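Taken in order, these protein sequences are the chains called G and Y. Per the working numbering, residue 1 is the first one in the first sequence, and the count goes up by one each step. Per the working numbering, residue 1001 is the first one in the second sequence, and the count goes up by one each step.
Hints in this document: simulated from the structure, not taken from any laboratory. Treat the hints with care, since some could be wrong.
As the list claims (entries may be wrong) - Label-pair restraints from in silico Cβ distances:
hint: 1; chain 1: G; residue 1: Val-447; chain 2: Y; residue 2: Asn-1436; range: 32 to 42 Å
hint: 2; chain 1: G; residue 1: Asp-282; chain 2: Y; residue 2: Arg-1346; range: 31 to 41 Å
hint: 3; chain 1: Y; residue 1: Lys-1438; chain 2: G; residue 2: Arg-85; range: 52 to 62 Å
hint: 4; chain 1: Y; residue 1: Lys-1021; chain 2: G; residue 2: Thr-435; range: 14 to 24 Å
To be verified - Incomplete in silico selection of chain G near chain Y, CB under 7 Å:
hint: 5; residue: Leu-374
hint: 6; residue: Leu-389
hint: 7; residue: Leu-393
hint: 8; residue: Ser-456
As the list claims (entries may be wrong) - Anything over 12 Å on all C-beta distances counts as not near chain Y; from chain G, calculated:
hint: 9; residue: Leu-15
hint: 10; residue: Ser-22
hint: 11; residue: Leu-27
hint: 12; residue: Glu-49
hint: 13; residue: Ser-50
hint: 14; residue: Asn-60
hint: 15; residue: Glu-135
hint: 16; residue: Met-151
hint: 17; residue: Ser-153
hint: 18; residue: Val-272
hint: 19; residue: Gln-338
hint: 20; residue: Phe-383
hint: 21; residue: Ser-424
hint: 22; residue: Leu-444
Note that the structure is a prediction, hence the values are computed from the model and not measured. Built from N, CA and C at the ideal position, the CB exists for glycine as well.
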Amino acid sequence: MVSIILLTSFGILNLFLGFLKSNRILLPLALLFLIIVLGANLADWNQTESYFNNMLTVDNFAVAFTSVVVLTSLLILPFSTRYIRLNDDNLAEYFALILFSLVGAVMMVAYENMLMLFIGIEILSISMYVLAGSEKRSLRSNEAALKYFLMGSFTTGILLFGIALIYGATGTFYITEISAAANTGTTDMSPMLGLGLLLVLIGISFKVSAAPFHFWTPDVYEGTPAIFTGFMSTVVKVAGFAAFYKLLSVSFAGAYSFWFPTLVAMTVITLVIGNIAAAAQDSFKRMMAYSSISHAGYLMLALLALNSRSENAIFFYSLAYSVATVAAFGILKIVSDQREGDESYAAFNGLSRTNPLLAFAMTVSMLSLAGIPLTGGFFGKFFIFGSVLEKDLLWLVVVGILMSMVGIYYYFRVVIAMYMREPSGERLEVDAFTTFTLIFIAVLTIVLGIFPGLFSDIL
Amino acid sequence: MVTALLLFWPAAAALLVLFLKGNTAKKFAFGAAILEFLLALYAMVQFEPSVAPQFTLVKDWIPSVGITFSIGMDGISLLMVFLTTFLVPLIILASFPHSYKNPTAFYALILLMQTGLIGVFVSFDAFLFYFFWEVALIPIYFIAAVWGGERRIAITFKFFLYTIIGSLFMLVGFIYLYFQTPGNHTSDINAFYQLNLDASSQSWIFWFLFLAFAIKMPVFPFHTWQPDTYTESPAPATMLLSGIMLKMGIYGVIRWLLPVVPLGVSQWDVLVLVLSVIGIIYGSIIAIRQRDLKRLLAYSSIAHVGLIAAGIFTLNEQGLQGGMIQMLSHGINVTGLFFIIDIIYRRTHTRDIEGLGGITQSTPALSIYFMILLLGTVALPLTNGFVGEFLLLMGVYNYNAWLGAIAGLTIILGAVYMLRMFQRVMFGEQNPATANFKDLTRTEKAVLIPLVVMVFWIGLHPNTFLSISEPSINQLLNIINR
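From just these sequences and the hints, can you work out the full model?
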């Protein structure tokens, strides 16, 4: 709860900082804010407390996922140094929006009441609509924002309709109370509750870009400025999955056999569409968009397993995925800024020679996203596949693995471009602070890959 | 402790190399590899063959899911560790005449690869094994793809994809086995050995694991990545791949396939043996037709590995012991031969057999070393190849006389392609490319002499090595036949 209060106050404070002439102070302050939030959040560890008539509960689950989203934001902000250099007029607003959106994310991981989930999703989404359109003079950015906003609004309606139906069927918004009504197996579940659940499922699937509700993803990712895309594909997804898991494991665990067939079909098409389409892209950013769809698929595998291992598997995967994705988008920003906005694979040609550190950090994150050992991504997939296998869903793991192989293909295209092709321009400049962040990310990814035990069993 | 040192020293050295420049990096890497070899020698001296495994170290790794950091060595591991630590310094030394761009990264990757290889051979936990199995793959991919020939990108990527597909299936197999362990699940090797799975699930798991190992070895028909990769990789990578890395696959079969799913093996062993024997004949015949020296060796390697695979799947002591000793011999011979091809290529800029000839006339030293290694490969008695092939063929013959007879053709076919190659490359008239061929330098001799010494050592006194692995092999057979 402290984190919500702090984030809100800091967000407002940040808006006032926008009156300053210079942007220099903004980034250090924003980082300081986030560090304070992270610390305050961690202080809640092992101290379960409920707020607002039990509408929000800060437990270890909430603390863990809040830490992931705050840490992700902390890691992504240093890549905005270019905005500071160019003295972008709206920087304070961007940072404030990021802080506000985190409020939404925290609510999504701590909700006990469906209305809190709805409000959390909306707070997060509205901030994202604005950030998607933050490059006001870019047509693509405008298009992205409009597309995201329109589609997002529709699904918000669907989500809300679903919540209303669930309320109609059960007479409550509290997720623990819903479970009593839903805990009856397939046959006895009322059609209204079933329809409500399906509509909520659609609403959340849209937010985490799971197929077939993924259509906005590539276009919006492409138009959104790279660091906000990074934010979008990590924070939104992680908060979305935490909420998703909470909904299914608390309210609808008893209706497993009801939602399993729907979700399993969605998972398989998410994995297939995400990976196959990512392999066909020539733009790195679009590839990352489709691959982020595919990662939603892997996370859904853990939802399908829904056993004692799922929670930790989702947490570990989210952490590893977020860290690696932040690096990928951050480096994309650095590279494309200095390569005339080129966001294709070709922009990375010969990066190992024009800036070995960038190439190394990118390699580590690509290996992690592809799920190769020595990196966190490997154990992320490992824990997820483990939880699915414990449920005896061998065929699903085989699908997951076949799709991971496709993943290796497109992630390695970047590695190949960086190490095996001729450089496509002059040396790339990276400032000291970003360098430090990149080293931190690479080290964290490798630590996750070598000592997964540090994070794998905390929930 | 020795095991941990053996495992982590190369990784630490790889990190240190990153802080050094060009020539210093090279020398430091070589020194580090020598030190590693001395460590392995120390372990060999201390090793007591009848007790297994030794030098163990068990620590929690991912305690919540029962995955341990469990390392140690029995006779089988020790021989593989010996082979690795013996060959890596020679491979580094063999790279000295080349001037690779960005040598720091190059040598760091070789040392990192060594950690992966040692890790594979000393792991006694399934997931630790898998971890190192993949750790060995990443450096070799970069070595081959960054410093390789013209078509390197596509070809090394194919290699990478092939092996990773195999290993992902192995991972599923391991996770499945893990969940079959009783109580709080564990991936400890002994728990895997004690599993009593029914025949049909063993049959599935067999394929999940076998696929990974078969691709790595490679066994026919999973070999298609191999000739191209060997050809396009830089010389040290080819030596690493053929000398050590393919042994990972054979080792995997011995350690993780045969004892864990014996019923699965008994359902499929005939098929594997037939495939292996086809591989022997197929590899040999294609080798005869090759003009490119590297490709010739690559196909001959398929034939030799086929024989080793056939031998170990017979599940008798001769077959397994033959496999062990042949892994050592093949590693030594093939590394030496690839090095000699590299010498020829550096001097003449061609690997085409038709474009060479008459090299003996100006190179007495090279010719002798080449001949010795070649005779080792064609299994002349008193050389290392003989011991292994004899035991292997005996093993296959005991299993099935017909298969033994067909597999025996390898001796004849091997002699055909090897001697034909030697004749056309080394004898005959000199041509412009080979006219000014210089004999071996001191560095080159320093690489070849230890190899040749080993050819004779194993050939004349195989018991040095056979006695190390024998108790472990018998123990393994006990587990398989329980």
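Right, here's what the structure says about each hint:
1. G:Val-447 to Y:Asn-1436: 32 to 42 Å: Roughly 55 Å apart at Cβ, these two residues miss the hinted range, so it is violated.
2. G:Asp-282 to Y:Arg-1346: 31 to 41 Å: Holds, since Asp-282 of chain G and Arg-1346 of chain Y (Cβ atoms, about 39 Å apart) stay within the stated range.
3. Y:Lys-1438 to G:Arg-85: 52 to 62 Å: 58 Å, holds
4. Y:Lys-1021 to G:Thr-435: 14 to 24 Å: 21 Å, holds
5. Leu-374: 6 Å, holds
6. Leu-389: With a closest approach of 5 Å, the Leu-389 of chain G hint holds.
7. Leu-393: Given a least distance of 12 Å, the restraint on Leu-393 of chain G is violated.
8. Ser-456: Because about 6 Å separates Ser-456 of chain G from the closest Cβ in chain Y, which is inside the 7 Å limit, the hint holds.
9. Leu-15: 43 Å, holds
10. Ser-22: 39 Å, holds
11. Leu-27: For Leu-27 of chain G, whose nearest Cβ neighbour in chain Y is about 31 Å away, the distance exceeds 12 Å, so it holds.
12. Glu-49: Holds: least Cβ distance 26 Å, greater than 12 Å.
13. Ser-50: Holds, since 28 Å exceeds 12 Å.
14. Asn-60: Consistent with the label, Asn-60 of chain G stays out of reach of chain Y, its closest Cβ about 15 Å off (over 12 Å).
15. Glu-135: 35 Å, holds
16. Met-151: Since the minimum Cβ distance to chain Y is about 35 Å, Met-151 of chain G lies beyond 12 Å and the statement holds.
17. Ser-153: The claim holds: Ser-153 of chain G sits with its nearest Cβ about 41 Å from chain Y, beyond 12 Å.
18. Val-272: Label holds. Min Cβ-Cβ 17 Å, cutoff 12 Å.
19. Gln-338: The claim stands: Gln-338 of chain G keeps its Cβ more than 12 Å from every Cβ of chain Y (closest is about 22 Å).
20. Phe-383: At about 8 Å from chain Y, Phe-383 of chain G fails to clear the 12 Å cut-off, so the statement is violated.
21. Ser-424: 16 Å, holds
22. Leu-444: 17 Å, holds
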